[in-house]
Amino acid sequence: PENDRKFIVFETSLKELFRVCRKCHAPCESVSKVSGTLLKVQTLCVNSHCLLWKSQPILHGKPAGSVLLSAAILFTGTSPTSVLRVFKHINVQVFGARTFFNYQRGYLLPAINRIWQQQQDELFGELVGHEVDLAGDGRYDSPGFCAKYMTYSLHAAQAKKILHFEQVQVGECAEAKSSTAMEKHGFIKCLEKVKGQGLKVASVTTDRHVQVTKYMRTEEPTIRHYFDGWHISKGIKKKLAAQTKRAGCGVLEVWIQPASNHLFWCAALCDGNQDLLVDMWRSIQAHVTNIHEGHPGLYTHCAHDDLGDRQWLVPGSRAHDKFLEVTTAPRLLKDIRQLAPSTHTFSLESFHSVLIGFAPKSVSFSPNGMRARTQLAILHFNENANNPQAITADGLPQWKISYPKSKKGMAVARPKQAGPSYNYVDLLLKETTNCCKMWRSFKVAFAANPSTAPPPMSHSFPRPSKNELVAARRSRFAKSTKSTTL
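The sequence shown stops at residue 486 when you use my numbering, and every number in between is there.
Hints listed in this document are in silico derivations from the structure and should not be mistaken for laboratory results. It should be emphasised that the depicted structure is a prediction, and the values quoted were computed from it without experimental measurement. Where is the CB? At the ideal position from N, CA and C, for every residue including glycine. Some hints here could point you the wrong way.
Below, computed lysine-lysine pairings styled on DSS-like, alpha-carbon distance capped at 27 Å [what the hints assert, rightly or not]:
(1) K195 x K245
(2) K430 x K405
(3) K405 x K361
(4) K239 x K54
(5) K33 x K54
(6) K214 x K148
(7) K177 x K160
(8) K245 x K234
(9) K54 x K361
(10) K40 x K6
(11) K437 x K6
(12) K40 x K15
Okay, the calculated beta carbon distance ranges per label pair [said to hold, decoys possible]:
(13) F446 x P1: 17 to 27 Å
(14) T180 x T76: 32 to 42 Å
(15) R246 x Q117: 29 to 39 Å
(16) N91 x P1: 19 to 29 Å
(17) K361 x G316: 25 to 35 Å
(18) G272 x A303: 17 to 27 Å
(19) P143 x F346: 39 to 49 Å
(20) G129 x T180: 53 to 63 Å
(21) L427 x R217: 37 to 47 Å
(22) R331 x H130: 31 to 41 Å
(23) G196 x Q257: 16 to 26 Å
(24) L427 x A97: 36 to 46 Å
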């Protein structure tokens, strides 16, 4: 039924089809009954011919339209409340929000989890026996330090796909009592899962999370731990931009982007030599003063040609001193030794952009709903991760112009990817049909798929009755009113 075309039919137009009997063409009366998206029309003519017509097929005891509409709402990552409100505004007969969540809990969530498990097992099978370079990053469900969920994802560089994720709910265990502690807990669970599948983890690239860094240093010394260059570069650019606002330091503005470029250049050419990497980075301290030879350490002179006239910094000036203060900070020099040579977390940033379309931070979800929407985002991201660049009719690669926030209004050209595919949705719809076949009622489906989500934090506190809360609220306002009148 998912391949059949569907139409919006007005009731007045539909009733014209039931004015006469299909057998004897005599006038007849019709009685309509609506159940969700299903319309049943029973007709009876003067010759006692009775006909029962249904607007859609029945899918293993469920109206096919209700099943497919519920699936389409969830599989596209849209809000059920908004979609159902659209139908309500134009008086299209559909089910309510409670029915949607029954379909979601009984059939849609199990279907999503089954397809995700199948594809994840296939991905694990492809990588078994090979060394894998992983990149990891966490994403909170809300800004600030009041997040309820933290989703930690691991990206496999060799496959260019999301390999695994863990959803951590604040307060679910002693290790995740606060939002700041959830990222380390999610990272550990992800790494244990990957290692438990028999994969050989060669390296892990993350941001400079202090707890994750200590864990890798003490518990996983055999796995190379790198820091993502984008996060380090972002910190350097932010600190240099702050210094430009000081008196006499405005000239630092022209050296912010070159410093970022130099960082990535050092990581690409140091060939894993940490001492060389640090010496290459420190060479920028003399480079900005137009000194390109006699650098201390392993990197003694710059590799570029004559650069011509530039806004060089004057040695000993305030601008140069502030530049040195940022670029030679002990914490920075220590972290640069772990700068990732090739693996970066920008693919995870792209995945987070996809995830926010399925699970916006402005909307609250149940634990199972949040997990399912994360799985949907991964299915979509993995299917389109290796999309080629779009081609024009003349066979030339297509490009698009964008204005990223980090470029401060500057335009950049980026490859235009071919349009996304949604083959995973076909798999999900087929699996949903199978779930409806296995479990003919919501009660049976609920029993077959019990929730494994941790209870919310409010369950650990006493729950007063509504009457007590209302009385307390009234008395509080009464006291405030009495005090103001006096």
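Query raised in the report: Can the suggested window of 39 to 49 Å be confirmed for the beta-carbon pair P143 and F346?
Result: violated, 21 Å
Query raised in the report: Using the C-beta atoms of K361 and G316, is the stated range 25 to 35 Å upheld?
Result: violated, 48 Å
Query - Straight-line alpha-carbon gap K405 to K361, limit 27 Å - result: holds, 20 Å
Query - Supplied distance hint 32 to 42 Å, evaluated on CB atoms of T180 and T76 - result: 33 Å Cβ-Cβ, so the 32 to 42 Å window holds.
Report task. Would you check the hint for K195 and K245, treating anything up to 27 Å between C-alpha atoms as holding? Result -> Violated, at roughly 48 Å.
Query raised in the report: Is the Cα-Cα distance between K245 and K234 27 Å or less?
Result: holds, 18 Å
Query - Given pair status - K6, K437, alpha carbons within 27 Å - result: Holds, because 23 Å separates the two Cα atoms, which is no more than 27 Å.
Query raised in the report: Taking the beta carbons of R331 and H130, is their distance inside 31 to 41 Å?
Result: At 35 Å between Cβs, range holds.
Query raised in the report: Within 27 Å, alpha carbon to alpha carbon, are K40 and K15?
Result: holds, 12 Å
Requested in this report: Check the following: the C-beta atoms of L427 and A97 are separated by a distance inside 36 to 46 Å.
Outcome: With a Cβ separation near 26 Å, L427 and A97 fall outside 36 to 46 Å, so the hint is violated.
Report task. For R246 and Q117, compare the CB-CB distance with the range 29 to 39 Å and indicate the outcome. Result -> violated, 55 Å
Query raised in the report: Within 27 Å, alpha carbon to alpha carbon, are K430 and K405?
Result: violated, 41 Å
Violated hints, listed in ascending order, are 1, 2, 4, 7, 9, 15, 17, 19, 20, 23, 24; each of the other numbered hints is respected by the structure.
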